[in-house]
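**Q** Each chain, written out:
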Amino acid sequence: MKTYRAMVLVSNDPLSIERGSQQVYTKLTEEIAAYGLQDEISLSMVSDIGRHDAAPLVIVYPDAVIYGPIAPENVHTLVEEHLYKGRVVAGLQAPLKEMTGRIAWLSARKGTLPAEQRIVLERAGLIDPESIEDYIIHDGYAALGKVLGEMKPADVISELEKSGLRGRGGAGFPTGTKWKFVSKADGAQKYVICNADESEPGTFKDRLILEGDPHSIIEAMTIAAYAVGASEGYIYIRGEYTLAQERMHRAIIKAEEMGFLGDQIFGTDFSFNLHIHSGAGAYICGEETALIESIEGKPGIPRARPPFPTTHGLWGKPTLVNNVETLANVPAILRRGAAWYHSFGTPSSPGTKVYTMLGNVNVTGVVEVPMGITLREIIAIYAKGMKKGSSFKLAQTGGSSGSVIPSSLQDTPMDFDSFSKAGVSLGSGALLICDEDTCVVDLAKVLLNFFRVESCGKCNPCRIGTQRAFEILTTITEGQATLNDLDTLLELSSNLAMMSNCGLGQTAGTPLVDILKYFRAEVEAHIRLKVCPAGVCTMKPHVHPEEKVHQHA
Amino acid sequence: MTIATIDGKVVLEAVNKAVEEHGATIDELIPILNDVNRTLGYLPANALDEISRRLRVPKSQLFSVSSFYRMFSTKPRGKHVVQFCESAPCHVVGGRQVWASLLDHLKIGPGETSPDGNWTLITTSCLGVCGVGPVIIIDDDIYGNVAPDQIAEILARYSETRE
Ligand SMILES: Cc1cc2nc3c(=O)[nH]c(=O)nc-3n(C[C@H](O)[C@H](O)[C@H](O)COP(=O)(O)O)c2cc1C
Ligand code: SF4
Ligand code: FES
Numbered sequence: 009m010k011t012y013r014a015m016v017l018v019s020n021d022p023l024s025i026e027r028g029s030q031q032v033y034t035k036l037t038e039e040i041a042a043y044g045l046q047d048e049i050s051l052s053m054v055s056d057i058g059r060h061d062a063a064p065l066v067i068v069y070p071d072a073v074i075y076g077p078i079a080p081e082n083v084h085t086l087v088e089e090h091l092y093k094g095r096v097v098a099g100l101q102a103p104l105k106e107m108t109g110r111i112a113w114l115s116a117r118k119g120t121l122p123a124e125q126r127i128v129l130e131r132a133g134l135i136d137p138e139s140i141e142d143y144i145i146h147d148g149y150a151a152l153g154k155v156l157g158e159m160k161p162a163d164v165i166s167e168l169e170k171s172g173l174r175g176r177g178g179a180g181f182p183t184g185t186k187w188k189f190v191s192k193a194d195g196a197q198k199y200v201i202c203n204a205d206e207s208e209p210g211t212f213k214d215r216l217i218l219e220g221d222p223h224s225i226i227e228a229m230t231i232a233a234y235a236v237g238a239s240e241g242y243i244y245i246r247g248e249y250t251l252a253q254e255r256m257h258r259a260i261i262k263a264e265e266m267g268f269l270g271d272q273i274f275g276t277d278f279s280f281n282l283h284i285h286s287g288a289g290a291y292i293c294g295e296e297t298a299l300i301e302s303i304e305g306k307p308g309i310p311r312a313r314p315p316f317p318t319t320h321g322l323w324g325k326p327t328l329v330n331n332v333e334t335l336a337n338v339p340a341i342l343r344r345g346a347a348w349y350h351s352f353g354t355p356s357s358p359g360t361k362v363y364t365m366l367g368n369v370n371v372t373g374v375v376e377v378p379m380g381i382t383l384r385e386i387i388a389i390y391a392k393g394m395k396k397g398s399s400f401k402l403a404q405t406g407g408s409s410g411s412v413i414p415s416s417l418q419d420t421p422m423d424f425d426s427f428s429k430a431g432v433s434l435g436s437g438a439l440l441i442c443d444e445d446t447c448v449v450d451l452a453k454v455l456l457n458f459f460r461v462e463s464c465g466k467c468n469p470c471r472i473g474t475q476r477a478f479e480i481l482t483t484i485t486e487g488q489a490t491l492n493d494l495d496t497l498l499e500l501s502s503n504l505a506m507m508s509n510c511g512l513g514q515t516a517g518t519p520l521v522d523i524l525k526y527f528r529a530e531v532e533a534h535i536r537l538k539v540c541p542a543g544v545c546t547m548k549p550h551v552h553p554e555e556k557v558h559q560h561a
Numbered sequence: 003m004t005i006a007t008i009d010g011k012v013v014l015e016a017v018n019k020a021v022e023e024h025g026a027t028i029d030e031l032i033p034i035l036n037d038v039n040r041t042l043g044y045l046p047a048n049a050l051d052e053i054s055r056r057l058r059v060p061k062s063q064l065f066s067v068s069s070f071y072r073m074f075s076t077k078p079r080g081k082h083v084v085q086f087c088e089s090a091p092c093h094v095v096g097g098r099q100v101w102a103s104l105l106d107h108l109k110i111g112p113g114e115t116s117p118d119g120n121w122t123l124i125t126t127s128c129l130g131v132c133g134v135g136p137v138i139i140i141d142d143d144i145y146g147n148v149a150p151d152q153i154a155e156i157l158a159r160y161s162e163t164r165e
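These protein sequences, in sequence, are chains A and B. Throughout, the working numbering is defined as the position within the first sequence, counted from one, plus 8. Throughout, the working numbering is defined as the position within the second sequence, counted from one, plus 2.
Treat the hints as calculated values from the structure; they're not laboratory data. Owing to the predicted nature of the structure, the values given are computational and were not obtained by experimental measurement. We put the CB at the ideal spot given by N, CA and C, even for glycine. Among these hints, one or two may not hold up.
To be verified - Computed, partial: chain B to chain A, Cβ under 7 Å: (1) I8; (2) V12; (3) D29; (4) F65; (5) Y71; (6) P91; (7) L129; (8) I140; (9) L157; (10) A158.
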């Protein structure tokens with residue numbers, strides 16, 4: 009792969025064009041050549057970067073400096089100062105934290121540091137996602153070529169098993185093993201599904217992969233289809249992700265034109281057709297059996313398991329369901345081998361994990377780091393510490409149903425096994441980091457409200473339990489609860505865990521249990537003293553807006 | 003002012019276009035409903051009838067599907083739909099204050115449409131843009147890093163010029 013010292017992207021959406029992006033591009037070409045930098049610096053146009061307030065934009069990588077609005081007469085200074093002398097031109101930078109009105113694309117590389125390890129986000133933000141040529145230049149479809157040319161389906165599966173890759177959709181199930189189950193399942197017709205429903209609060213890593221590197225998912229799914237013996241595939245993308253859907257749609261057409269997808273791929277007799285399926289706003293559709301129901305044109309209500317989708321999935325046929333991030337690892341593993349993959353992360357959880365850093369920290373956004381890094385390291389190095397004047401109180405890892413962890417657990421290595429030993433879940437990789445202005449009861453109430461609204465209503469422990477827990481938490485925030493209510497909360501949580509049909513209900517009580525374990529004194533203060541130590545709860549009876557019936561329709 | 007019922011021809015056109023684009027198979031039901039909902043702003047009964055006929059799906063199934071998913075509405079909505087993200091990551095970085103400000107300015111509750119038919123306010127779970135929370139979406143525009151005192155100005159953009 010040809011390496012450049014720097015990459016320069018120019019925004020080229022209709023607004024940018026109207027404001028002269030083409031002239032800026034021409035001028036950049038001239039100036040870069042004038043300084044003799046043309047072999048060291050790549051220059052490309054990208055479509056919609058967002059930030060319409062500052063269009064046209066010029067973005068310089070690897071520093072991820074965003075300049076805008078840029079006029080042709082700014083280009084000379086920009087090239088001389090930044091690209092030639094290596095100094096950021098502060099005066100030309102786009103205003104930070106400006107309200108944008110349209111965020112199509114968040115920089116995946118903001119705050120990139122040397123220790124960061126990129127496998128799944130290797131190209132996102134670096135290549136033009138609308139250009140299949142860019143993907144190909146950066147090793148794209150090389151793994152597929154190798155697989156179809158040199159490997160039998162069983163070899164592919166065995167390489168994946170050796171790599172130790174585990175599912176990134178939440179449960180951490182070994183990917184190679186799952187592929188083997190589907191390949192061994194009886195049936196002439198099999199399906200491959202990419203789970204891109206990504207609705208876990210605080211998670212948007214899959215969106216960055218889909219928007220920034222759509223071909224990597226097409227390549228991975230085609231490899232998966234070859235390995236398990238499927239001829240049809242679906243990418244189920246959540247309904248709100250319209251840009252991701254459009255990009256994926258165009259990428260599929262391109263890949264078909266080039267013969268990487270469709271009939272007789274690479275001239276072999278292997279054929280694979282890929283469809284995009286849009287979600288329509290329902291968190292539960294991320295659960296794989298609900299997702300399958302949804303593709304079948306029904307409400308997304310999870311099925312009873314077993315049987316599992318690996319044998320009885322879409323239309324009752326063997327079906328492989330993998331998360332976007334899981335799949336994005338596949339081409340790199342097959343290109344470079346299982347041993348290479350083991351050089352990252354820990355022995356039982358090799359590779360990297362993409363985290364979204366959120367909450368009261370200085371830098372929010374996505375970071376991809378080796379498995380096994382600690383939360384403290386992420387906060388200190390990548391999130392650049394807590395916001396000024398605040399200190400760490402708790403973090404919730406893994407999304408809404410994730411564990412709430414106090415500062416004493418900050419040094420637990422984040423990998424599947426260390427976390428499960430500590431009773432903590434890695435989940436989707438969302439890291440919600442909260443300072444001492446956060447009230448644990450208020451937080452629990454927001455989380456239970458989420459489950460209450462998103463419960464599909466199929467089973468009583470979940471439908472009624474999440475509603476009851478929410479009501480009790482509301483009375484606590486109003487100073488109207490009794491200590492007995494805390495016992496009821498724990499009982500509800502344990503019923504949820506034991507009697508619910510699917511993962512939503514089973515884990516809805518996790519944050520509640522954790523909060524009562526680590527922050528009981530704070531909860532009790534609301535009850536015994538009628539005081540909210542964090543000063544968040546109003547402690548007087550009033551109708552909170554969230555209490556009104558929510559429209560789930 | 004309420005929203006006038008949509009002309010039958012317009013409804014048929016919207017359904018035709020969606021069915022042509024996706025194909026008349028059951029696995030395309032939700033994408034088709036998505037397109038029609040987007041074009042018409044909601045799913046009127048005659049649209050559901052037509053889809054039921056074209057895809058050979060029982061009406062009962064269409065009703066259960068259209069009421070299950072958050073992005074579908076079987077009732078007309080206001081000219082502008084304001085979605086407020088009420089999930090935890092937005093909440094802990096100031097979402098509560100933004101919500102209070104929204105209620106203050108719109109003077110309607112969650113799920114309600116203003117009497118003049120201009121606004122519908124709905125709460126939603128995480129929209130996947132929490133890196134810049136708190137987040138609100140108005141129609142197709144996403145606003146990040148919203149502060150309570152910006153609400154008036156943001157809403158004003160919609161009350162003036164748009165049709
Ligand atoms: C309530 C619930 C929501 C889920 N949401 C998602 C999701 O948005 N994306 C995802 O990939 N997996 C989600 N999962 C996990 C899937 O059921 C499934 O395990 C996963 O897609 C398998 O892929 P993997 O083996 O690559 O991790 C969810 C599970 C539950 C119980
Ligand atoms: S646990 Fe909740 S979400 Fe899952 S099937 Fe039961 S009611 Fe539905
Ligand atoms: S939590 Fe609000 S957008 Fe994700």
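**Q** Next step is simple, just say for each hint if it's right about the structure.
**A** Against the structure, the hints come out as follows:
no.: 1; hint: I8; in the structure: 19 Å, violated
no.: 2; hint: V12; in the structure: 22 Å, violated
no.: 3; hint: D29; in the structure: 5 Å, holds
no.: 4; hint: F65; in the structure: 10 Å, violated
no.: 5; hint: Y71; in the structure: 4 Å, holds
no.: 6; hint: P91; in the structure: 4 Å, holds
no.: 7; hint: L129; in the structure: 6 Å, holds
no.: 8; hint: I140; in the structure: 9 Å, violated
no.: 9; hint: L157; in the structure: 13 Å, violated
no.: 10; hint: A158; in the structure: 13 Å, violated
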